[in-house]
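J.: Following the hints, position chains B, C and D against chain A.
Protein chains: 4
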Amino acid sequence: MPTSNSHRPGRHFLQIPGPTNVPERVLRAMNQATIDHRGPDFAEMAVRIQERLKPVFGTKGPVVILPSSGSGAWEAALVNTLSPGDHILTFETGHFASLWSRMAENLSLIVEQVAGDWRRGIDPALVEERLSADKSVVIKAVMAVHNETSTGATSDISAIRAAMDRASHPALLMVDTISSLASMAYRHDAWCVDVTVGGSQKGLMLPPGLGFNAVSDKALAAAKNAKLTRSYWDWAPLISGIPKGAFPYTPATNLLYGLEEALCMLQEEGLENVYSRHHRLAEATRRAVKSWGLEFCCLDQDAYSDTVTAVMVPDGIDADRVRNIILDRFDMSLGTGLGKMQGKMFRIGHLGDFNELMLAGTLCGVEMGLGLADVPHNKGGVNAALDYLSATG
Amino acid sequence: MPTSNSHRPGRHFLQIPGPTNVPERVLRAMNQATIDHRGPDFAEMAVRIQERLKPVFGTKGPVVILPSSGSGAWEAALVNTLSPGDHILTFETGHFASLWSRMAENLSLIVEQVAGDWRRGIDPALVEERLSADKSVVIKAVMAVHNETSTGATSDISAIRAAMDRASHPALLMVDTISSLASMAYRHDAWCVDVTVGGSQKGLMLPPGLGFNAVSDKALAAAKNAKLTRSYWDWAPLISGIPKGAFPYTPATNLLYGLEEALCMLQEEGLENVYSRHHRLAEATRRAVKSWGLEFCCLDQDAYSDTVTAVMVPDGIDADRVRNIILDRFDMSLGTGLGKMQGKMFRIGHLGDFNELMLAGTLCGVEMGLGLADVPHNKGGVNAALDYLSATG
Amino acid sequence: MPTSNSHRPGRHFLQIPGPTNVPERVLRAMNQATIDHRGPDFAEMAVRIQERLKPVFGTKGPVVILPSSGSGAWEAALVNTLSPGDHILTFETGHFASLWSRMAENLSLIVEQVAGDWRRGIDPALVEERLSADKSVVIKAVMAVHNETSTGATSDISAIRAAMDRASHPALLMVDTISSLASMAYRHDAWCVDVTVGGSQKGLMLPPGLGFNAVSDKALAAAKNAKLTRSYWDWAPLISGIPKGAFPYTPATNLLYGLEEALCMLQEEGLENVYSRHHRLAEATRRAVKSWGLEFCCLDQDAYSDTVTAVMVPDGIDADRVRNIILDRFDMSLGTGLGKMQGKMFRIGHLGDFNELMLAGTLCGVEMGLGLADVPHNKGGVNAALDYLSATG
Amino acid sequence: MPTSNSHRPGRHFLQIPGPTNVPERVLRAMNQATIDHRGPDFAEMAVRIQERLKPVFGTKGPVVILPSSGSGAWEAALVNTLSPGDHILTFETGHFASLWSRMAENLSLIVEQVAGDWRRGIDPALVEERLSADKSVVIKAVMAVHNETSTGATSDISAIRAAMDRASHPALLMVDTISSLASMAYRHDAWCVDVTVGGSQKGLMLPPGLGFNAVSDKALAAAKNAKLTRSYWDWAPLISGIPKGAFPYTPATNLLYGLEEALCMLQEEGLENVYSRHHRLAEATRRAVKSWGLEFCCLDQDAYSDTVTAVMVPDGIDADRVRNIILDRFDMSLGTGLGKMQGKMFRIGHLGDFNELMLAGTLCGVEMGLGLADVPHNKGGVNAALDYLSATG
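Chains as they are written, first to last, in our numbering: chain A, 1 to 393; chain B, 1 to 393; chain C, 1 to 393; chain D, 1 to 393.
Next up, chain A with everything else stripped away, as it sits in the complex:
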């Protein structure tokens, strides 16, 4: 076990933007005997889970559950709906958007990527422009990351949908909600998203190991003609099993135990309460960052993420050194800068099973760490956050 021969007192602060702090209730639910996945108890649980999942995605349609990471759920979205050589439109909003583009290329798709600076969300006007220009309807799908985990910038899916509608373009809309699902409002049906891609280890408060696809009728229709080869990821047997709680291969039973418990917790708290809690905690974090005088990675205030705040460190300072000091001294993990942001930022995750005092401890750790790492900053970030938290909620 990782902790078996060296004890650090107290709880680790896992403030990366996922995996998030798995609540004790979820760990405990997973700590049950594995059962026969072809037996009646399992089937009933699978049916219950499906019903509980739908509101989280904002859909009345099926949600495919995959034994995979979120990347697997991306791959499933692509291979079920597209054919070799199909064009897709992507936006370079950050590291994960870039990874998705690379995955598409690996799978023999042609990626039309709109370049970006990793510091803002998708501009809906660009969506409209590109699609309107696609007179021959070469583009088969638009891929958007709802919340760029690497930058803390969101994209407005509703606005992207409207842009696609204005362009009257039939492309599918696929959205990565891995780091926004169950933390920020999301409406698969209302926004006419075709494939929503999710994972277990962020707002759903589970360990990693499950991927999700919410699927529209239009996506299902596309799947009938899609020529990319697929077997493990094939929706057809997964979806046909949903009504009877069956899976075409052995599902990750114990993660499903945890999933049901997590969905119960979200339901108990109420999804709207979950979203507003994330917003308050995020806003408190932003107040602290502003007070410190540090720069946000995200340059568009309207696009600030409610689940992760990416903070730029001044030139000449290695952000990973700051992170390591905080890890060594305060036993808190912060997110590293990914890809071309390596060393230039740290990211504060404030999502999942999280509350005001956990955030307060987190921000105190960052403020002390800035001092210990000699990062130029103003004091008072924690105070600003506390003032905001006290005045609201």
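To be clear, the hints were calculated from the coordinates, so they are not data collected in a lab. Check the hints yourself; a few may be wrong.
Copies of the same chain look alike in the list, so a pair counts if it works inside one copy or between any two.
[Said to hold, decoys possible] Under the rule of at most 35 Å between Cα atoms (straight-line distance), these lysine-lysine pairs were calculated in the DSBU-like manner:
1) Lys227 to Lys340
2) Lys290 to Lys60
3) Lys290 to Lys135
4) Lys224 to Lys140
5) Lys379 to Lys344
6) Lys340 to Lys224
7) Lys344 to Lys218
8) Lys344 to Lys244
9) Lys60 to Lys227
10) Lys60 to Lys344
11) Lys244 to Lys224
Here the structure is a predicted model, which means the values were calculated and not measured.
T.: For chains B, C and D alone, coordinates are given in the frame of chain A:
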């Protein structure tokens, strides 16, 4: 939770051939806070796990760990080594061998399947014959299931290797060890296997959710030219991350906690002891079945599985009715007949974290169930098993 | 951890007559964060527990919960109701009855113990005789062990009550139900018991650590004048706290979590079902013992215990050697002979979270162990048990 | 379960001065199958625990482990060493010292209590004065509370010992370390303490349910002549069982699993490190309280506790209202004022499995709560604590 509103006293007997009874130590290991998969504690654990895994596969080479079911590990084996239109040689030894063939077809491979009756292992002479006849070396890979979970028949991988060698054929050898790994002796390196496919939920005593590929140098070389598209399953970034304990996407952290604990348990018991324990428990099961006068699915005594015994029920009897009586009355799950064996057999799993008295309880449940379901049989199966267990070990 | 450096495969069979196999649900319930025992969540739980406990004792009165073993609950029964030099009437039915007498002496009471051979329950006629002879009403309390864990013999509490009534004697009736509670029918109110003594680690399926006293109005009245010193065990503050879910000192919070879960499980199964299950499993055990031709410790068929069967081994055989062989070879713990029965018997616990196949495994282990230890016996015990289980239930 | 039907997000902050936040490792250790307390695995564990316990008490002598709360361990200290009518000298340092006096009276001892204002520790000069005046050696024992949980004031046991020596008085010295053990340096042998009383739920990081007595040779000698009745608490069978890992009645097995794990954690961290960590966290807390301009209950700076800080609220403010606001709004439990301090103070527990960021979150919650409850105070408490933590350690 599956058990929350209806309590059945005592422990459920999960005697399907996997998922197996997850030991309390493994569940407890999984019941730990998820940590940063990019942090130092995780990396150290991943490196330890890799070293502990190798002896279980009998290899000194890399073992790829996938967040997937065993089916995903099959898919990884195929897409990393083959190109569209490649021919592969398969043997219809049972349900899972058939599923593997179908998967290969889905992935655009040409399957040359040697028909079979689902009641024995692969005949090495047929391997030699087919490969010898393949003068133009069309066949790129031979796929074998070490232990057919659906029939309780094993195939002799060492003999298949020898047959391939006699035919001097360069095809890759891929072996599914999902229901034999860590229960029956297996030697990836010594038998010159190119890809060994494994899963977490059988002899490794974990819940489902992890897949494995042990990979030979020859398979790695094949991967360089293989044209099947791949991203999630791509070995390259998975293998390059092994030395530093890194994964290209979020790994299933808590299942890895359980994996390390399970590997420690296997090491404590000693792999040779694990294998001989499985053999004794399997032989005791067979003594019981013989005494009952029931027929084995497997018609070849030398191919009897040490992890699962598939028992035919007499014509006119619905095996699933027998299974349901046993489940309702004794809270024991037995394996159903799969595919064309549906209703014709039940399967007794005797693998994983299992001992003599658990087997004794299992066989008592079967013997009582045969009586309650009016299956013609002789008494004395339990006695025969107890006599064998008393006289040995 | 006891199991950390030497792994034995499969589950241990804990077939001592308590502590019993703690079900996973109870362990999981205990695996929750300890909370403030003076806060509102705790108080609500304590109130719920009190209501759920009453039916198990068959009372509408208060049930005191102590952080103690069952012995502590005995001591509480005595010190709350009696004064130094008070006479009590006890019956030497076995080891635990004797221990209780010794405890009473340690606490300065005068014990009138009716000698016994440890092979039967209390004779109600003797109760009537002794109390009728006590013209000056010296005897303040009659102490009875409902189920002698050391011998597998029960006493008929209802008949003892009737005998006391016939003698028109005002003595208090105190009953030890440690190894019968929640396994055999018990009616504190209906039988006019004054103090019922219970523990957590048998039919309640918890780890050890909680003791119980169900208390009649008459006992409460006696407590007002009782002069034995007391502080920790004093009912007064414990009972006054019950309505508000408060305790006079820190309660064993996590064991209380487990208690609530166990009480829910009993309620789900239904107490009458729990009792009949225990009876069937006990009867099956007795069929096996009879078939083996071994002697019961209990010589009175009507007094056979439904929770433990004590089996005499033939003269010249060391029962503990038999037990050790079974422990070493089959990883099953059986109860030792206690006190003067040391080496002369082994005891099979068949209580708590227990079912037919667990019993079947247990009896197989005993039958094999008898053979391996060269205990003269007939074969066929397991068969007799299976025949009975198949024919009933 | 307390949390089952209403979910509060994130972790509860249990900042009462015990029970403390039980670490996941300890909960997990307790989440193991209960084993036979008369079997070899249990005996080995009990022997290991005894050896690991001694350094925590600073003794080479036996440490009795009781299935009880800390109050039970007090009672054991008294009944094993004293006789009815014996005089004991106590000091009214706070609520728990008073409770101990009352317990002694309940047990028929004569208590000579030195009155106190609950705002400081024991004055060693008074110890010397009272014992020197006791020419006829009526006083049999001096009772001291090392750390008054109700006031946050410590007493200097070494100085008390010296005072007793100066008075050349033979009284036993009994010390309550319930809220100091394993958090503040303690030396049973070096300070010639006769009975040290401890509990599981504070520095030992366990749930409540275990009590401890470390016992000197002089105390053992006293036990031979002590006339208070005792059975459950009797040291003799408990101590005679220690070398063989045996208990005279069923021990609280699963709490013992947790105890061994907790002792391993203390050993891994190093006791001196544990003590200095508690000191730093306490000092940081005090810096915050001073900055807020609030009054400490403890009026003697040299007596400030390193495990709990009791903070007076200004006249006219109900401290419990402040506590309730903090509980409702921030999900943090603070300690209430006990006995005559009810409503006048709140207590911040900063002991056990606790670290800097947990403390930071705690202090942020207090600072926000002071504001929300309109308690007059200066801002800056959190900042002062962070400055101190940054500058040290």
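J.: Provide an ascending list of the numbers of those earlier hints which the structure does not satisfy.
T.: Violated hints (numbers, rising): 2, 3, 7 and 10; every other hint is consistent with the structure.
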